[in-house]
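Participant: What follows is each chain in one-letter form.
Number of protein chains: 2
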Amino acid sequence: MHRTHDAGTLRRSDAGTRATLVGWVHRRRDLGGLIFIDLRDRSGIVQLVVTPEAKEAFRVAETLRSEYVIAVRGTVKARAPETVNPKLSTGDVEVAVEAIEVLNTAKTLPFGLADDAPVDEALRLKYRYLDLRRPALQETLRLRHEVTRIVRDVLSRHGFLEVETPILSKSTPEGARDFLVPSRLRPGTFYALPQSPQLYKQLLMVAGVERYFQIARCFRDEDLRADRQPEFTQIDIEMSFMSLPEFQAIVEEMIAEVFEKTRGIRLERPFPRLSYDEAMDRYGTDKPDLRYGLEIVDVGEIFRETELQVFRRALALGGVVRAIRADGAAALSRKDIAALEAEAKAHGAQGLAWLKLEADGASGSIARFVPEPVLAALRAKTGAEPGDVLFFVADRREVARAALGAVRRLLAERLGRVPDGAFRILWVTDFPLLEYDPDEKRYVALHHPFTRPKAEDWDKLETEPLQVRAESYDLVLNGYEIGGGSLRIYRKEDQLRLFRRLGLDEAEVAEKFGFFLEALEYGAPPHGGIALGLDRIVALLAGRSNIRDVIAFPKTQSGADLMMEAPSRVRPEQLAELGITVRALQG
Amino acid sequence: MHRTHDAGTLRRSDAGTRATLVGWVHRRRDLGGLIFIDLRDRSGIVQLVVTPEAKEAFRVAETLRSEYVIAVRGTVKARAPETVNPKLSTGDVEVAVEAIEVLNTAKTLPFGLADDAPVDEALRLKYRYLDLRRPALQETLRLRHEVTRIVRDVLSRHGFLEVETPILSKSTPEGARDFLVPSRLRPGTFYALPQSPQLYKQLLMVAGVERYFQIARCFRDEDLRADRQPEFTQIDIEMSFMSLPEFQAIVEEMIAEVFEKTRGIRLERPFPRLSYDEAMDRYGTDKPDLRYGLEIVDVGEIFRETELQVFRRALALGGVVRAIRADGAAALSRKDIAALEAEAKAHGAQGLAWLKLEADGASGSIARFVPEPVLAALRAKTGAEPGDVLFFVADRREVARAALGAVRRLLAERLGRVPDGAFRILWVTDFPLLEYDPDEKRYVALHHPFTRPKAEDWDKLETEPLQVRAESYDLVLNGYEIGGGSLRIYRKEDQLRLFRRLGLDEAEVAEKFGFFLEALEYGAPPHGGIALGLDRIVALLAGRSNIRDVIAFPKTQSGADLMMEAPSRVRPEQLAELGITVRALQG
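Chains as they are written, first to last, in this note's numbering: chain A, 4 to 590; chain B, 4 to 590.
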């Protein structure tokens, strides 16, 4: 029997058509002497009806169980009005079956597919090939396909060439741990799986490719946090001779087209831009979620002359006093407020002061230190009105930022201010080039050591390194960093100067980056780029909080593939060939 | 200065336009008090002229050397007729320069880019980022990009979803050596890099994806022959509920569209089909090059009753006598014929008999054993005429096939019968399912152990295993296998029966394929697919014999990346974390 139609596509207009369908028995019900089968294929579900008159087919139908694979021949019929199923796109019709062929049988599945009941994730992962049959996961696979199609279309339209770079590579400088691959032909040496194609794409710019992209697999051997995978996919883009606005416009066009074509959502362009400092001051994070307000306001000037000693002391020590106006938050319970305070403390603050504004005056932890003029000034500065609550942190700037950023997120959650299905995107730019690593006792690159400092900040590199801003930009969507990029250093002496500032050992530089420094001597063009996290973007589009849901065969947090049972032991001969031995056999 | 035009796009119609260009100094000449610069960017080359009147620009121009990166502003001018350069697409114009900015300098390159002179390949690979600047290699990158674009377009049009499968995987059964990746979180265990996504794509069929593809990176740790790479890219396709003709038509459409859109070449569809047996009999190979004739003809019947003892003995032993008619080959020298004979012997034949047909009779190694009636029969059977040469091998069928296949290839070369720029493609089908491995003393799968035997041959599996044909098909282009696929086994009992026939150890089957066998029990649909070698296809389209030319960053035959110097030693701490030690430190 040769398939003529996809099950999910049949409509009332097909009534009278003879059709051959294939797919899985989604459900079988025997009712009033008839057998009803929901037949499922990739396109959807349609109802089959088998009557005892179709003798042989009826006999076969009686043997069918869930997930049997069948082919059926029959005639599409319009359903009587009272039997129409509005929940199915094919609910207007059913197929009167004349013949059934069983293509394959199925044991009872370890979990139900139609079932929304929670199933142990480990079980789902072991039987991933069954879990993937669920329409919701099929939909994420299709969405991922669409997203990469659109990305490739837009970038190709702008003259970017997709170039494949090696997986068997060398240690890259992203700083995370590398996965290593022992070489058999050169025992004692190892390839590293790339943490990103960073050096390759910069070398492609030196090679004159000018516009490169790749949907690239990357690898990091990290202790996996809740939502990381040892291998992940990034949309990797690099461009020579770029002006930053031109480049950002291309990236915006790409993202906007993805949203428009997959979700019918128009993102306004150009995307908003915030400098790192603005983002930190106003949202307490470099990944601000703009789906809700609750901005942070500096109220230091107001408290400079008050009697609130804690605030004054913070200011005197060079710190800040900042507040969030939680509008209409009077209904927050004591418990909510305690949770917010705990959140602030978890992010380093001494405490979280608060004021509940009332028709006349205010209550709350610092109410008695806030005379009417101060209250009036706060109202003027924050726009707060009766019924609002103000939350305060007085501390070092970094602590106030972090603590109020966390309070803001929790407030939004408690106040139900995070709208479903909304998408707010922005650029965060001009990150610090460096940060101080107290463990390593040296400055390290915030992004990576190929990021170009802003031209006007170069001269602070040796004197005020933390004041040097980078030509860098992150793309932030709903509080998630979905991409990060920068203009790159393209002159050897600049690159060496930065390596020196990072305190890198000269021998290490020569060994790891010697070839790259040499490449910069042969006419490297000015260039820059970005890398976007495909898994996260698809997850956000799909309304999924876990990227495992948008990866066909994900790994667990301990890096295990529960389906294939990888990683696994190998034969001793394999190790012998590689010239390695396992030292620490455990378990 | 912000680029307004691409250098290679300027034409006479742009005369009078002000333009800002960026790129590399391809060449600088000082002539008659003027400075001429060939400026190169990705789009091509245009000539710049700097006159002493443009004082500052002239001063800068005097400092320019090859491969400096510059930005220039100037005016496009039509060249005088006598100075038009017909070799350049921009040869009608030049740009009168007003300002030059040096964006980056360049040392003298280790080899010339304009130079077609042979440069040591190791040097080219070390400086791959410079070698890639050559227009010919830029063109292969662009071609590769186009090919993957078209492949994705066609497959998406037919409802195939691109799904990414893991790189950190488990040993697959392709039979080549795996690259291993030690796990840090589970010391003593290893991931394997996939030799192909074979099991994943079959599991996606079990998952109900129905139509899958992926442009997939694959890995084989083999002793590299001249033209293999440890990592390579395949166009991987799998489809459920397929009829073979329908599937082949999709693949043909994809290949035809690639040829048409990248090379303007129309391939006739449907592609010709030859069974494995036909291909072996007529061309002596399962990868026949159809760009030339020189088919092999069986002439056993003619010699059965002759006095040529060598031929009669071969026939009596169950062997064959086969011939190639080399039309118009009378001009072949003794040396050519000796070379052909050596080729036949290198492929196992006892010798290579030959007959040169003349106006009256014949000369050659067996002329005196061939009386006129036999000669007439040979003429009738092979179509040979005076001026042609017939070459014979009498031997076991396998030997005659291989030897005459090799003779045919060498003949085509010596006779200059391989047309430049021609493409001849075909399907070779119905391969044997198994071959006997004398080393392992057991039958092994010719393709892989998931290939489905032809329905009518199942019952020979135990009794005449070598007679069992597979539902398999290779795609052959100009004598290269560019793809291979098959219908797959989709019932557990069939798969177990084949594993048993292969003599696989039950414990090994359970360990390696247990999860896969279980998957077949939960409603696996009938399915099949193909994998095509992207590198080879692009190389053939580009007229390149070496796939290294179509890979951005290829490795040497010993698997080394000469640019990055990978594989390399790693820090002892890294190995300690992985729980492995290097046993055989060499050199």
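Keep in mind that a hint or two might mislead.
[Claimed, not checked] Simulated pairs of lysine-lysine, DSSO-like, Cα-Cα distance not exceeding 27 angstroms:
hint : chain 1 : residue 1 : chain 2 : residue 2
1    : B       : 58        : B       : 129
2    : A       : 110       : B       : 495
3    : B       : 129       : A       : 495
4    : B       : 110       : A       : 495
5    : B       : 338       : B       : 348
6    : A       : 129       : B       : 495
7    : A       : 90        : A       : 264
8    : B       : 110       : B       : 80
[To be verified] From chain B, some residues computed to sit far from chain A (all C-beta separations above 10 angstroms):
hint : residue
9    : 14
10   : 168
11   : 386
[Unchecked claim] Output of the computed footprint for chain B on chain A, the stretches with three or more beta carbons under 8 angstroms from beta carbons of chain B:
hint : segment
12   : 159-165
13   : 210-217
14   : 369-380
Hints in this document: simulated from the structure, not taken from any laboratory.
It should be emphasised that the depicted structure is a prediction, and the values quoted were computed from it without experimental measurement.
In this text, a Cβ means the ideal position worked out from N, Cα and C, and glycines have one as well.
Participant: With reference to the structure, classify each hint as holding or not holding.
Facilitator: Now the hints, each set against the structure:
no.: 1; hint: B:58 - B:129; in the structure: 40 angstroms, violated
no.: 2; hint: A:110 - B:495; in the structure: 12 angstroms, holds
no.: 3; hint: B:129 - A:495; in the structure: 18 angstroms, holds
no.: 4; hint: B:110 - A:495; in the structure: 12 angstroms, holds
no.: 5; hint: B:338 - B:348; in the structure: 15 angstroms, holds
no.: 6; hint: A:129 - B:495; in the structure: 18 angstroms, holds
no.: 7; hint: A:90 - A:264; in the structure: 25 angstroms, holds
no.: 8; hint: B:110 - B:80; in the structure: 31 angstroms, violated
no.: 9; hint: 14; in the structure: 18 angstroms, holds
no.: 10; hint: 168; in the structure: 6 angstroms, violated
no.: 11; hint: 386; in the structure: 42 angstroms, holds
no.: 12; hint: 159-165; in the structure: holds (count 3)
no.: 13; hint: 210-217; in the structure: holds (count 5)
no.: 14; hint: 369-380; in the structure: violated (count 0)
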